[in-house]
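Number of protein chains: 2
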Amino acid sequence: MATLKVPSPVPSPVEDAERLRKACQGWGTDEKTVISILAHRDATQRLQIMNTYEELYKENLIKRLESELSGDFEKAVYRWMFNPVDREAFLAKYALSKGLDFRVLIEISCIGSTSHLLAVKQAYQACYKRSIEEDVASKTSGDLRKLLVGLVSTYRYDGHEVDTGLAVTEAKLLHDVISKKDFNNEEVLRILTTRSKPQLRAIFNRYKDEYGAAITKNLTSDDGDEFASALRIAMRCIASSHNYFEKLLRTAMDKPGTDEDTLTRVIVTRADTDLKDIKEIYEKRANKSLEQAISKETSGHYKNFLLALLGN
Amino acid sequence: MATLKVPSPVPSPVEDAERLRKACQGWGTDEKTVISILAHRDATQRLQIMNTYEELYKENLIKRLESELSGDFEKAVYRWMFNPVDREAFLAKYALSKGLDFRVLIEISCIGSTSHLLAVKQAYQACYKRSIEEDVASKTSGDLRKLLVGLVSTYRYDGHEVDTGLAVTEAKLLHDVISKKDFNNEEVLRILTTRSKPQLRAIFNRYKDEYGAAITKNLTSDDGDEFASALRIAMRCIASSHNYFEKLLRTAMDKPGTDEDTLTRVIVTRADTDLKDIKEIYEKRANKSLEQAISKETSGHYKNFLLALLGN
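Residue numbers (my numbering), protein chains in the order written: chain G, 27 to 338; chain P, 27 to 338.
Where hints are given, some of them may not hold.
The list treats identical chains as interchangeable, and a pair is accepted whether it falls inside one copy or across any two copies.
Said to hold, decoys possible - The list that follows gives simulated cross-link-like pairs (lysine to aspartate or glutamate, DMTMM-like), each with its CA atoms no further than 25 Å apart:
{"id": "1", "residue 1": "K322", "residue 2": "D298"}
{"id": "2", "residue 1": "K329", "residue 2": "E187"}
{"id": "3", "residue 1": "K165", "residue 2": "E212"}
{"id": "4", "residue 1": "K124", "residue 2": "D202"}
{"id": "5", "residue 1": "K198", "residue 2": "E213"}
If you are wondering where the hints come from, they were derived from the structure by calculation, not from laboratory data.
Computed from a prediction, not measured in an experiment: that's the story for all the values here.
Based on the sequences and whatever the hints tell you, model everything.
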């Protein structure tokens, strides 16, 4: 479930646009008003506000906000203003441009539905005049390229049918190669990049039942190699995106120096889908509420914006 | 241009269905009538006839035709009755089930537009409850798998923009590895499976201008290896599908014992799109008309059906 809270009745787009305009005018910006409006409108409502604002003031709202806000707060508002599909296309490009944050590419390709990934790829092409496949391939090499290009390319079967016999065979096959630490075996790549998600979950469950540990537990290498790590992330995203995101939040806030990029990404991308589920798991595992953790690790308007997306 | 000729005015679907019903009733089938109708209706008209036939006679027309016709003629009519997207999904499954005819998979993934390939993949999933990616991956291994899965998976950029500088760099890169016969180099795979088709054509043109021979000419190996052959086919399909199909027709009919599967596939899949262009190239290169060649190499109703699709 989402954490996003939209007031009822919701003000009209004209009212919202007028209040945002006022908040951005004169000396200083009224960030409180910006947050009170934007953090409480869904994607359709935000789009209506942007269109109305443009019509009324002949000015792009996102550009205006970029010039008014700053730091992590600006970044978070910027990401939030996109619709989910365009946002993921932007996040993919961003992950490819600043070094290579392959976690983001794996999240995009392994968490949503087949049709959602297709929509993100179409948005990526419309925006950047290139395919995500060619950009991922250009920025990577070797086994990591094979895995990442395979994950972003594939058009997985989206049905719910599971072939139990096949799950048994392929769980054994994965166990055989993983126990030899032969992670980049071509069969591992084949299974992970082509099987449907329900089929992969059946394989992972079978693996755990038969061999006594989650497949990801066996995917550790002594030299912290990037490929094994990418493989593990892909499997965790497919097995349970809630658990994956919860762990990501904990890691982002537990380490000295919060990882704001990751924190923002999880809150902003999940607030209107399943952040409530992620938050519940977080609270069980971290022994504190997600709000408490965010309040401690962040500050100012950035903190207030994230807490507002959490429904506060 | 197409070779398909539809009469004007075209009879109503009811008239056609009634005549087909009569042609299939009693002792023996009236194949001449079947050909005179079906070989002169486009995909939409064929669908209307099938629906009308089913409504009128509570019987599936394709199934009825399968039971009435036989041999290569039956196969050709069966393939022709599909709409282009469902036909390619069927041809892919067929290519994967009888050994592995990788030419068909390459044609499907390299000739149509990005959105056409997507439609074929969706039809494949709807029909077979699996993705084409997983079936291709299961039936292949090693470098051939990497190439074929890459080709069927990728969602290429469909715009017309070409990056000339990049074409120069990547033509050189391809030349460097191909001149060492390092065909399965990962850069060859990257370029071929991720770049847009206009970009690939620019690379091939640059290659020819700079190195004096078509890239495919340099892709020959002494041991007739499958991978080099698949690579060559993919490049030829992307460079010019007309030239590719023309050569396919010549090879199918030149060898002792005509390759009817291939002959049928080319005629049936191209009759309502560009068979006229293919036919013109054929006539220049083979020094005879395509009709003459087909008349010589085939016989009976099969021959008459192919000739009818050629507009006779």
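Now for the hints, and whether the structure bears them out:
no.	hint	result
1	K322 x D298	within (23 Å within a copy, 67 Å between copies)
2	K329 x E187	neither (43 Å within a copy, 43 Å between copies)
3	K165 x E212	both (21 Å within a copy, 13 Å between copies)
4	K124 x D202	neither (37 Å within a copy, 30 Å between copies)
5	K198 x E213	within (12 Å within a copy, 32 Å between copies)
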